[in-house]
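Engineer: Sequence:
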Amino acid sequence: MNEAYLLIGGNMGDRMHYLLAAKKMLELDCGTITRQSSVYETEAWGMENQDPFLNQAVLLETELTAKELLVTILVIEEKLGRKREVKYGPRLIDIDILFYNDEVIKIDNLKLPHPQIQYRRFALQCLNDIASGKIHPVFQKPVAQLLAECTDPLTVNKFS
5 MNEAYLLIGG NMGDRMHYLL AAKKMLELDC GTITRQSSVY ETEAWGMENQ DPFLNQAVLL
65 ETELTAKELL VTILVIEEKL GRKREVKYGP RLIDIDILFY NDEVIKIDNL KLPHPQIQYR
125 RFALQCLNDI ASGKIHPVFQ KPVAQLLAEC TDPLTVNKFS
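Heads up, the sequence shown is in this note's numbering, so the first residue is 5 and it goes up one at a time.
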């Protein structure tokens with residue numbers, strides 16, 4: 005069984021609905037979610053002039069390979085109405101693979117661990133809830149340390 009840490013987020017429409025729908029589809033098509041972080045409301049990263057995101061990290065146990073998981077995630081995003089129009093732009097749903105086991109993968113459109121995780125407070129904060137001791141296989145640092153060292157100034161708050 006493979007362990008994939010995913011980050012789910014979106015900033016359009018009923019944000020909580022899309023988070024819940026994405027988790028349901030991940031469980032139907034990919035495996036079992038065994039842990040999930042709190043939901044956080046976060047400022048937009050990369051293109052800041054847009055509505056805030058809701059984000060949540062999950063641990064997914066899956067039989068899928070990393071490549072199969074990516075393909076399935078892209079289908080789920082499409083089924084939920086994701087349109088890829090503007091890089092870092094507003095979106096109904098976004099599902100990123102942050103870690104896949106302890107593998108380092110660099111092929112086509114799949115780079116793992118996620119190459120920007122160390123720069124994104126919103127991803128690290130969510131991940132820290134469920135995997136603070138998880139060691140980044142490239143930097144050889146736990147998630148909690150990456151979060152403590154992160155210089156991203158954007159606000160991340162628990163959503164209630």
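Just so you know, the hints here were simulated from the structure itself, not pulled from any lab data. Idealized CB from N, CA, C, for every residue including glycine. Hints are supplied without guarantee of correctness; some may be wrong.
[To be verified] Ranges of calculated distance between the beta carbons of each label pair, as one might list FRET restraints:
| no. | residue 1 | residue 2 | range |
| --- | --- | --- | --- |
| 1 | N105 | A152 | 35 to 43 Å |
| 2 | Q144 | K87 | 31 to 39 Å |
| 3 | D112 | D33 | 17 to 25 Å |
| 4 | E153 | G17 | 32 to 40 Å |
| 5 | D106 | D18 | 22 to 30 Å |
| 6 | E65 | S136 | 16 to 24 Å |
| 7 | Q54 | P141 | 25 to 33 Å |
| 8 | T69 | S164 | 32 to 40 Å |
| 9 | A152 | E72 | 16 to 24 Å |
| 10 | T155 | L32 | 21 to 29 Å |
[Said to hold, decoys possible] Simulated pairs of lysine-lysine, DSSO-like, Cα-Cα distance not exceeding 27 Å:
| no. | residue 1 | residue 2 |
| --- | --- | --- |
| 11 | K83 | K71 |
| 12 | K145 | K83 |
| 13 | K28 | K115 |
| 14 | K115 | K87 |
| 15 | K110 | K87 |
| 16 | K28 | K87 |
| 17 | K110 | K71 |
| 18 | K27 | K83 |
| 19 | K27 | K71 |
| 20 | K145 | K28 |
| 21 | K145 | K71 |
| 22 | K162 | K28 |
| 23 | K162 | K71 |
| 24 | K162 | K110 |
| 25 | K71 | K28 |
| 26 | K27 | K110 |
| 27 | K83 | K28 |
| 28 | K87 | K145 |
| 29 | K115 | K145 |
| 30 | K162 | K145 |
| 31 | K87 | K71 |
| 32 | K145 | K110 |
Engineer: Give a verdict on every hint.
Structural biologist: Okay, the hints, checked on the actual structure:
no.: 1; hint: N105 to A152: 35 to 43 Å; in the structure: 24 Å, violated
no.: 2; hint: Q144 to K87: 31 to 39 Å; in the structure: 38 Å, holds
no.: 3; hint: D112 to D33: 17 to 25 Å; in the structure: 21 Å, holds
no.: 4; hint: E153 to G17: 32 to 40 Å; in the structure: 34 Å, holds
no.: 5; hint: D106 to D18: 22 to 30 Å; in the structure: 36 Å, violated
no.: 6; hint: E65 to S136: 16 to 24 Å; in the structure: 19 Å, holds
no.: 7; hint: Q54 to P141: 25 to 33 Å; in the structure: 32 Å, holds
no.: 8; hint: T69 to S164: 32 to 40 Å; in the structure: 37 Å, holds
no.: 9; hint: A152 to E72: 16 to 24 Å; in the structure: 34 Å, violated
no.: 10; hint: T155 to L32: 21 to 29 Å; in the structure: 38 Å, violated
no.: 11; hint: K83 to K71; in the structure: 19 Å, holds
no.: 12; hint: K145 to K83; in the structure: 36 Å, violated
no.: 13; hint: K28 to K115; in the structure: 25 Å, holds
no.: 14; hint: K115 to K87; in the structure: 21 Å, holds
no.: 15; hint: K110 to K87; in the structure: 25 Å, holds
no.: 16; hint: K28 to K87; in the structure: 20 Å, holds
no.: 17; hint: K110 to K71; in the structure: 11 Å, holds
no.: 18; hint: K27 to K83; in the structure: 13 Å, holds
no.: 19; hint: K27 to K71; in the structure: 19 Å, holds
no.: 20; hint: K145 to K28; in the structure: 31 Å, violated
no.: 21; hint: K145 to K71; in the structure: 25 Å, holds
no.: 22; hint: K162 to K28; in the structure: 22 Å, holds
no.: 23; hint: K162 to K71; in the structure: 32 Å, violated
no.: 24; hint: K162 to K110; in the structure: 33 Å, violated
no.: 25; hint: K71 to K28; in the structure: 20 Å, holds
no.: 26; hint: K27 to K110; in the structure: 26 Å, holds
no.: 27; hint: K83 to K28; in the structure: 12 Å, holds
no.: 28; hint: K87 to K145; in the structure: 34 Å, violated
no.: 29; hint: K115 to K145; in the structure: 18 Å, holds
no.: 30; hint: K162 to K145; in the structure: 24 Å, holds
no.: 31; hint: K87 to K71; in the structure: 21 Å, holds
no.: 32; hint: K145 to K110; in the structure: 20 Å, holds
When the structure is compared with the earlier hints, violations turn up for hints 1, 5, 9, 10, 12, 20, 23, 24 and 28 and for no others.
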